[in-house]
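Q: Given the coordinates of chain A, assemble chain B onto it according to the supplied hints.
There are 2 protein chains.
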Amino acid sequence: MMAPDTIPFEARLEARAEQVEALLRRLLDDRLLPGEIARPQQLFSAMRHGVLNGGKRLRPFLVLESAALFEADAEAALRVAAALECVHCYSLIHDDLPAMDDDDLRRGQPTVHKAFDEASAILAGDSLLTYAFDILADTATALPAERKLALVLGLARAAGPGGMAGGQALDLEAERSSPDEAGIIRLQAMKTGALIRYACEAGAILAGAQEEDRERLAEFGSAIGLAFQLADDLLDLTADAETMGKATGKDAAAGKATLAALHGIDWTRAQLRGLVAQAHALLEPYGERADLLRQAASFIAERSK
Amino acid sequence: MMAPDTIPFEARLEARAEQVEALLRRLLDDRLLPGEIARPQQLFSAMRHGVLNGGKRLRPFLVLESAALFEADAEAALRVAAALECVHCYSLIHDDLPAMDDDDLRRGQPTVHKAFDEASAILAGDSLLTYAFDILADTATALPAERKLALVLGLARAAGPGGMAGGQALDLEAERSSPDEAGIIRLQAMKTGALIRYACEAGAILAGAQEEDRERLAEFGSAIGLAFQLADDLLDLTADAETMGKATGKDAAAGKATLAALHGIDWTRAQLRGLVAQAHALLEPYGERADLLRQAASFIAERSK
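Chains as they are written, first to last, in the working numbering: chain A, 31 to 335; chain B, 31 to 335.
With the rest of the complex left out, here is chain A (with noise of 0.2 Å):
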């Protein structure tokens, strides 16, 4: 059941992932930039496919939302928010391949690697890593030099080995080793966690905003990353497979522990409710400006799918 009041915001994100999917398709057209040789057809066609898919665009409203609060240059924001969907979409393409969790469909269409083949799936998603850093460093992003470099090292931190990809390394041994409580919430903190942190600190790096502010939205976002998370687990828990488009029931049947499993239903929603609580709390010094923030914290707990 949807509350009345995030019909609005459902435009909105439906809006801002309009404006995203414009500048990526933009960003992997045919057109080379200074330095490039070529851009290979087959490469690119399969970069389009595992990005131009139809996403909710989550991370990059996150970006947007958050830059928008400390009014940041709003094109210089969307660049971000392109090369931080980059970077989630080559996690995609990359966690589907058969040596990894071995999907076939995402969002009812085959994956890359069944799409076209393995070799261009590891490539393409290779390619899209490799060029968000080429989108934020490019001088079409108008910034700072000193704010473009905080947004490499925070993405690059948020998406290498002590974050997002030694989260998945961490989600592979725990097939077989069954990490404790702790163990699960750090390996999602790293999974899922660091980027959706990411994208909302992101914001305040790009206006330049003070360092507590910047600490204050890397928070909210390890908040709703968390309820991100948990909402997914409780998805895969009670959803059937035609509502998420994609196999469920999975992380169980891999012996893979979520803290849903551990708990329970019950507990599990509680969770979320505070969660979005301190998430909210966290956002009290931005008053009404920051409601499109909140509602997206409260649409990541509920979200049905």
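No wet-lab data here; the hints were simulated from the structure.
The reader is advised that the hints may include incorrect statements.
Interface residues of chain A toward chain B, partial, derived using beta-carbon atoms under 7 Å [unchecked claim]:
1) His124
2) Lys178
3) Leu183
Which residues of chain B face chain A? A partial, calculated answer using Cβ under 8 Å [claimed, not checked]:
4) Gly65
5) Gln72
6) Met130
7) Leu153
8) Asp156
9) Asp164
10) Ala167
11) Asp168
12) Leu179
13) Gly193
14) Ala195
15) Leu202
16) Arg216
Ideal Cβ placement from N, Cα and C applies to all residues, glycine included.
A: For chain B alone, kept in the frame of chain A given last:
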């Protein structure tokens, strides 16, 4: 047969390799950086396996010597050299995967996916690529923000879909499509050339050298990058497996066209001499201060493994 005047060069190459390896060992140890939540053991083991493998560290050497030519900060140059080597090693780990070139051995040791598993090899490569941008952008790389950004952008463009990753994609296609001579040259300029070009250019960027010097070093890099590839093709045609420590004659077996195979050994040797002369001519303005780079050009063209 080794000419006597290359002996001091090889000693210098080894000394530089030791410097870079000491830093790489430190960068890949278990200490967390700010913002990192954990360093998964198996992942970091796989990363170290892929990096600390006794490579010649030719690309780092080029960074360090081109940086020294322009009197850049030596500590910063070492970090840039290490970042570049992480990108080179990521590319080897992914190229060796079963879905790509399917190699079990590298330098006589099991490749990362053989020593660990495919998922670990994919993630170790992803992690090294991401970590390279972390190393460049980190405050420990003590350079003006503008130069660090130029280094990030240059690396992203050299390694990305319009550079190295794109070249690997074209190389895989080449097994099916038999590119013409122009196609082979383009493929190799991307696959191996772009990163070697960047290695030489990076020294000029590090030092904040004039645009003209930067362009000159980049062209020097392009010339020796092409020489590197021709020498490699020649070895593939002539050397035996023992000398190389890996399977040879493989390109021909896979139906991959190379310039050396197309034109023969004598033509290739003549081309190599021409490229070395061209590379040496580009260094003319720097006099004997560029002697080590000159020797590097000769070494690359004449190497026997």
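Q: Report holds or violated for the interface hint on B/Leu202, using the least CB-CB distance to chain A and a cut-off of 8 Å.
A: Cβ of B/Leu202 sits 5 Å from chain A, so the hint holds.
Q: Can we keep the A/Leu183 interface hint, with Cβ of chain B closer than 7 Å?
A: holds, 4 Å
Q: Given B/Gly65 as an interface hint, is its Cβ closer than 8 Å to any Cβ of chain A?
A: holds, 4 Å
Q: Given B/Ala167 as an interface hint, is its Cβ closer than 8 Å to any Cβ of chain A?
A: holds, 4 Å
Q: Does B/Asp164 hold up as a contact with chain A if the rule is Cβ-Cβ below 8 Å?
A: Interface hint status for B/Asp164: holds (4 Å vs cutoff 8 Å).
Q: Once the shortest beta carbon distance from B/Leu153 to chain A is found, is it less than 8 Å?
A: holds, 5 Å
Q: Quick one, is the A/His124 hint okay against chain B at 7 Å, beta carbons?
A: For A/His124, the interface hint holds, since the closest Cβ of chain B sits about 6 Å away, which is under 7 Å.
Q: Hint check: is the beta carbon of B/Asp168 less than 8 Å from a beta carbon of chain A?
A: holds, 6 Å
Q: Minimum Cβ distance from B/Ala195 to chain A below 8 Å?
A: holds, 5 Å
Q: Could you check if B/Arg216 really has its C-beta closer than 8 Å to a C-beta on chain A?
A: B/Arg216 check passes; min Cβ-Cβ to chain A is 6 Å, inside 8 Å.
Q: Taking the least C-beta to C-beta distance, is B/Gly193 closer than 8 Å to chain A?
A: holds, 7 Å
Q: May I ask you to test the interface hint for B/Met130 with respect to chain A, counting a Cβ-Cβ separation under 8 Å as satisfied?
A: holds, 5 Å
Against the hints set out earlier in the document, no violation occurs for any number.
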